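Chemist: Residue numbers (the working numbering), protein chains in the order written: chain A, -9 to 395; chain B, 4 to 129.
These are calculated hints, taken from the structure and not from any lab test. Predicted, not measured: the structure shown is a model, and the values here were computed from it. Here a beta-carbon is modelled for each residue, glycine too, at the ideal position from N, C-alpha and C. Each hint should be verified, as a subset may be incorrect.
[Claimed, not checked] For each label pair, taking beta carbons as the anchor points, the in silico distance ranges come out as:
hint, chain 1, residue 1, chain 2, residue 2, range
1, B, A117, A, R11, 55 to 63 Å
2, B, R31, A, A137, 23 to 31 Å
3, B, K20, A, E338, 17 to 25 Å
4, A, S43, B, L83, 38 to 46 Å
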Amino acid sequence: MNATDTKTRYQGPPDYRTVGRHGVFPQTTHDEIERFNYLAQMNRHLATRVLPSVRTVFEKRVAPRVAAAGGRFANRHDVRKALLRDPYYQTWSALRRMTMEQRQQAGRWVAVRQAEELAAKVDRAVTDDPGGFVPDPAVKIPRYVSAVDHHCMPGSYHTELFPGDVSAASNYDSGIFATTGGTLGRYSDGGGQALLRWVHHNLPEFEPRDILDIGATLGHSLLPIAAAYPRAQVVAVDVSRPVLRYALARARSLGIGNVRFVQADGADLSRFRDSSFDWVQTTMFLHELSNPSMRAIMRESFRVLRPGGVVLHVEQPQYTKAMPLFEQAMRDWDAFYNNEPFWSTMHEIDLAGLMIDAGFKKPDLIHGAATAIVDRDVFPDAADDRGEDYGRKAAWHVIGARKAA
Amino acid sequence: MTVETALATASAKAAGKRPYFLAPEVERVMAIAMAIAQELAVARARIDTLERLLERKGLLDHAEIERFTPTPDEAAQRGLWTQEYIARVLRIVQQEAENAAAGPDADLASEDVAVEVARDAPSDSR
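Next comes chain B alone, as it looks inside the complex (with noise of 0.2 Å):
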């Protein structure tokens, strides 16, 4: 029971009107973007952990990684990992930059569509 619980109402609001300092808008963003800064840390230590205890169990020395040069195959391999992750990032400008260049005629909403197609008249021949 407890975890669903948990789920629920771990990120529960505390009674009392809450303050908005910056436009809610930005507020509303700046503290996801606070939350993801500080699951990036957690994430950053877990690392940190896993690269010292295989340090002291003598898998790994700590210099090596700061020396690791990954061979050119590597190298790619990381390099597209990493054009993936921005690209997935940054949808929200591609789709925007997409929208600019097709023009107002290419950009119908879909509750305009919704309309349309609903018509007895099939407007097909338009």
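Bound conformation, chain A alone (with noise of 0.2 Å):
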């Protein structure tokens, strides 16, 4: 093959050195930089020559197994049982998990060898900018942060190696290519990107003057959206002080002035008057939560509204009738094994309802969809790919509500 045919041929992950380095982003050896390579292209693999084969393993014998015991599946968790049972899937899954292992270790080992001088960034950051990160120490580490680290990290958001140490949110940003081969685009704000396109779309005349993101961790989806209403007032926030600090000096060396970083859980927002903002997201949040916390966030999202104000938030689609069960249950993989554990029962939620119970009417719901949105110069457009990766795909729903004036 020569050069040419592999231009043209090529489809895949770019090279990672196409990640945007920020005025935080860790320092990487070359190793370091092809062990990321080496992970975005397995994942790619895993998804796109490894995981179709499941639902031929599923059609060609475990379906008729079941039927030949006389079983039947009453639903995904059903289906996800008998899929344990069989050998293809065992093989796809403990690669999965592996690959993911493995993203984890590769992006620890760059944040942690170098935890001292990426602390020492954030806090002439954070010592630059009073005001821009307001903590808040009586904030508590919610249960279903603390219970079992998401997506594999070890530490999850919250957890620091010695007082100032923001290694767990290097790692987490560092690695999101891996995770996604290059789906999420340069910052990784393929989601935001996606949400600001659908809203210019959707609600032309919306002039947002105060924005609030809850559970915004790097800030990576909220940035674009600062920065296309630079005269907003914008406010993120999270439960995880190392996540906020991190976010602060991320977005201030990126040049996005107009974000203040506040420590605050979702659920609880009395530091916020009624009425505080025109626009409040979460993006690609709700399944990181609990049922009561969700529920809480909905209730605090209404009160801080102000009428005519819209919220919305950005997941992977909820399993409805239509969704058949094989679906559900290759979805409900990241709830199990990916340490996702409210995914499952988010997805099955009435999310409508949800909001209706918050105090949002019926008529003002607001339901749609985006595709991140990245430079396809360099990175692949979850638009062209007719794929599936269950739950890992770069294509989501977006849910929300419009408060009556």
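Fit the two chains together into the complex; they arrive one by one in their own frames, and the hints show the way.
Modeler: Take a look at the structure:
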């Protein structure tokens, strides 16, 4: 194959060196970069070459075996449990789990070996910007964060190896490329770009003055929105102090000055008065919560919204009756085997009903779809991808509501 | 401090019971093999980088590598290296073969010999 063939034929993640390097991005050696490159390719291989045959084995041997024994699948859990006994599903699952563990190991190595330098950079950024980060030592880390580490990320978002350590955030940030194969773009902001385009297209008159992002972590999904409305006051909340401090340094180094990072639990936004925001949003966040906390966040979102304001949540699609049980079972994989324990329940809950319970009116509900927006010259575009990675694809649903004026 | 911390904690376990999809001993070996597969890809990438840099500096023509033919002496050295490498990797297979050939009498457990050599009366006369 000559070079031209490679260029025209190549489909897959770009080189990790195309990932955007903001001011607090970790240093990476040649081999650390190649480790991420390998992991992005491995994830792509599992999604495109290994996973599709899980459907084949389900149809050819798993479902027939259950039927032959007189059984039937009453729900997605029955399907998953039958799949668990199949050697091909076992192999795919073992590889998918190991790849996630290797990704975490690779990112932690990069972040922890330079944790002190990263902490010093973040300290400087926080000191240089009084009020940019608002800590609240009274905020407790909820059980749904501390019980198991989401997506096998040791220490989750909130632990510090020493006071001021940001290695957890740095690991998360530097490895997103490997998990998503580049489909979230240069600054992992493809989700935020997608939401922004959705709003421009569907709510063209909307000119928000105050924006609230709940569960912001690194702020990566929020920054394109803050940049698009430079006169808006933007608030990013999260329960975890280290990710917020890192997010502040990250945002400022990227030239985004209109976001304040506030340590707060979305279930208790009492520090904000009623009707404080025009736009409240979460991006790929609800599935990491608990049922009571999600309900409380819906109520708090309604309360802090101004009349005429909009709440928008970006998530993977809900499990509806129209979705085959096989697809539901496959989408549940992350819930049970990638430490996303609320994923399964969250995707079966009637979110529209929940929003009505929170105070929104049925005619004011919003349903939409959004696909990650990336620099297509360099990054793979999820809109062109006809494959399905069951819960990992960068294509989401938007569910929300406008608060009656 | 941090390189030691990285060595100690980069491979830390995430909170939450780890699911095993295969027999644990099989999945353990597979996880090690997949980590080695990753490191092989990293090493391959480093060699590729080296070749391309040498080529850019005019020190190497990429096609030369594909056309490379070792002299008989070089081929022997390379062959010997590969033989040594395979013998190293398949050490356990050789040892199991030696054991099978020697028969059960030659296969004393050190734990049993420990009891034997600890006895007051020497058993050398056996």
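Chemist: Now, for every hint given, state plainly whether the structure supports it.
Modeler: Taking the hints in turn, this is what the structure says about them:
1. A117(B) to R11(A): 55 to 63 Å: holds, 60 Å
2. R31(B) to A137(A): 23 to 31 Å: Taking Cβ atoms as reference, R31(B) and A137(A) lie about 25 Å apart, which means the hint holds.
3. K20(B) to E338(A): 17 to 25 Å: Since the Cβ atoms of K20(B) and E338(A) sit about 23 Å apart, the hinted range of 17 to 25 Å holds.
4. S43(A) to L83(B): 38 to 46 Å: Given a distance of about 42 Å, which is inside 38 to 46 Å, the answer is holds.
In summary, this structure violates none of the numbered hints.
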